[in-house]
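Numbering-wise (my numbering), the sequence shown opens with residue 168 and increments by one.
Quick caveat, the hints were computed from the structure, so don't treat them as lab data. We treat Cβ as the ideally placed atom computed from N, Cα and C, and that holds for glycine. It cannot be assumed that every hint is accurate.
Unchecked claim - 30 Å max Cα-Cα, derived DSS-like pairs, lysine-lysine: (1) 434 <-> 217; (2) 249 <-> 434; (3) 465 <-> 434; (4) 378 <-> 217; (5) 378 <-> 434; (6) 378 <-> 465.
Claimed, not checked - What follows is a list of derived Cβ distance ranges for each label pair: (7) 486 <-> 420: 23 to 31 Å; (8) 258 <-> 217: 19 to 27 Å; (9) 465 <-> 319: 15 to 23 Å; (10) 183 <-> 297: 49 to 57 Å; (11) 356 <-> 384: 21 to 29 Å; (12) 486 <-> 353: 22 to 30 Å; (13) 698 <-> 183: 31 to 39 Å; (14) 690 <-> 573: 51 to 59 Å; (15) 354 <-> 504: 41 to 49 Å; (16) 384 <-> 632: 28 to 36 Å; (17) 691 <-> 616: 33 to 41 Å; (18) 450 <-> 280: 26 to 34 Å; (19) 235 <-> 504: 30 to 38 Å; (20) 269 <-> 573: 27 to 35 Å.
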Amino acid sequence: MFRRYLVPFEPDQLPEQETDFLIVGSGIAGLYTALQAVAYGRVSLLTKRKVEDSNTGQAQGGIAAALDRGDSPSLHLQDTLKAGAGLNDVTAVEVLVSEGPTRVEELIRMGTQFDTIEGELALTREGAHSRRRILHASGDATGEEIRRSLWEQCRQHGQIELFENTQLIDVLRDKAGHCAGLLVWNAELGLHIHRAKLTVLATGGNGQLYKLSTNPEVTTGDGIAAAFRAGASVMDLEFVQFHPTALTLEGRPPFLISEAVRGEGGKLCNIRGDRFMPRYHELAELAPRDVVALAIWKEMAETGAPSVFLDVSHMSEEEFSSRFPWIFRTCRSYGIAVPEAPIPVAPAAHYLMGGVRTDLWGGTDIPRLYVCGEAACNGVHGANRLASNSLLEGLVFGARIIEGGLRWLESWPQRELAHGPWGKESLFDRLPDGENPRAADRVANSVQQIMWDKVGLWRSADSLTEALADLVAIDEREAVQGTVTRAMEAANMHLLGRLTARAALLRNESRGGHYRVDFPEPCDTWRRHILLSC
168 MFRRYLVPFE PDQLPEQETD FLIVGSGIAG LYTALQAVAY GRVSLLTKRK
218 VEDSNTGQAQ GGIAAALDRG DSPSLHLQDT LKAGAGLNDV TAVEVLVSEG
268 PTRVEELIRM GTQFDTIEGE LALTREGAHS RRRILHASGD ATGEEIRRSL
318 WEQCRQHGQI ELFENTQLID VLRDKAGHCA GLLVWNAELG LHIHRAKLTV
368 LATGGNGQLY KLSTNPEVTT GDGIAAAFRA GASVMDLEFV QFHPTALTLE
418 GRPPFLISEA VRGEGGKLCN IRGDRFMPRY HELAELAPRD VVALAIWKEM
468 AETGAPSVFL DVSHMSEEEF SSRFPWIFRT CRSYGIAVPE APIPVAPAAH
518 YLMGGVRTDL WGGTDIPRLY VCGEAACNGV HGANRLASNS LLEGLVFGAR
568 IIEGGLRWLE SWPQRELAHG PWGKESLFDR LPDGENPRAA DRVANSVQQI
618 MWDKVGLWRS ADSLTEALAD LVAIDEREAV QGTVTRAMEA ANMHLLGRLT
668 ARAALLRNES RGGHYRVDFP EPCDTWRRHI LLSC
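Turn these sequences into a full structure, and let the hints guide you.
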């Protein structure tokens, strides 16, 4: 049974705040949407930790846009559709590739400093792209540069109010069924209600469902889970992209090695020193991510090795450190003498193609509730995201939310909320109290291990059935002993783990980021989406 609310509360007894636009998330999608919204009203921007804690800051490779004279939106569309393995919404992709260049040019006008060569944008190529269309900044710190420039713009607006260290708990609906705002937690304000005319969830994906992930710790799927509990449909949760090349060393956390390293000529070799990707795909190291990740996984299984190796010895130290300064510094800090020494790499959970189902304007099943960025699923990525399309998606569809949602500014949602009595539908009988802060960690760690072992790169009916049984057996209520934020994260991870395993069990085929060893080929009858709702 899925609970409507995580914690019990009485609306009339809680403090309230009001705003026109309520936006959760401080990545590219949240910040850009805030900048688009501030021209029309007050904006409250909520983020779980600090404003800099998001997936955007971790994005190394870059942002894709057809800006080169030898490129075009139609070519970008073809590459995106090919990577998406037959499940893209073609209209959504057309929106992405046609509106994308204008949004990127706007970023440049806002002060984003992309790398240039002799005054021209330094475009590079990544896996499954047919042209060099990837803009990057400071070599391999593109996401952080975009985040910096957007936040600098946000800081200049007195109508954008930032609330850090604020945990989203649940989406609230009025008696008409509209989103009326959010139930949130802040260490200073405690449990409170934040009402808004229009609410946007830009909370990112759920990479922390898995034991090994390139995502930051905050990426626990909070927005997706809250929207689902409120009655919004989720779609394509079985399609999880495992990045092929995360730096892998015993006792160290995974560290993303950008696709751009292979785009600049890096070669993958197994533990025997054999280059293997040409045996798996005609594009070799530049094949789509799902192909490369599965190939690496197979090579590791066949050789019994914990990783394969990325050979970048064709580059000089000066070239590598200049093009990939963050990767260079990190590898050296791990004791890897790049570029002379190869980088040990293995797949890690990286990106969720699925999320809350939205239309082309970011709207959900719930009026006044919008979702964008990785938390949303509008069909633009299909079964497998094309590299460097994620940052672009946040810009394009963040802007469209404001264009499509202005009608809601004419009135407020009803003050009376739906779905009482409040205490009987809650997961916990009381707010977590922090008596045993590690209790919530135990729940979260159990979910991560189950998902990695049984709902990872290789799936089967047996493993998925076992995963569902193992997840159901977890006592979520143990998390109530932890801190509020960690308990909410653990509960959201538990819910999304069950939904992901269920969707993966239903899809009896292999396609894109979903591989079933018992159904290893795609099936035309499965060229459809799996929707789940309460």
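Quick rundown of the hints versus the structure:
no. : hint                    : result
1   : 434 <-> 217             : violated (37 Å)
2   : 249 <-> 434             : holds (23 Å)
3   : 465 <-> 434             : holds (17 Å)
4   : 378 <-> 217             : holds (23 Å)
5   : 378 <-> 434             : holds (26 Å)
6   : 378 <-> 465             : holds (19 Å)
7   : 486 <-> 420: 23 to 31 Å : holds (27 Å)
8   : 258 <-> 217: 19 to 27 Å : violated (37 Å)
9   : 465 <-> 319: 15 to 23 Å : violated (45 Å)
10  : 183 <-> 297: 49 to 57 Å : holds (52 Å)
11  : 356 <-> 384: 21 to 29 Å : holds (23 Å)
12  : 486 <-> 353: 22 to 30 Å : violated (47 Å)
13  : 698 <-> 183: 31 to 39 Å : holds (33 Å)
14  : 690 <-> 573: 51 to 59 Å : violated (42 Å)
15  : 354 <-> 504: 41 to 49 Å : holds (44 Å)
16  : 384 <-> 632: 28 to 36 Å : holds (30 Å)
17  : 691 <-> 616: 33 to 41 Å : holds (35 Å)
18  : 450 <-> 280: 26 to 34 Å : holds (31 Å)
19  : 235 <-> 504: 30 to 38 Å : holds (35 Å)
20  : 269 <-> 573: 27 to 35 Å : violated (19 Å)
Checked against the numbered hints given earlier, this structure breaks hints 1, 8, 9, 12, 14, 20; the rest are met.
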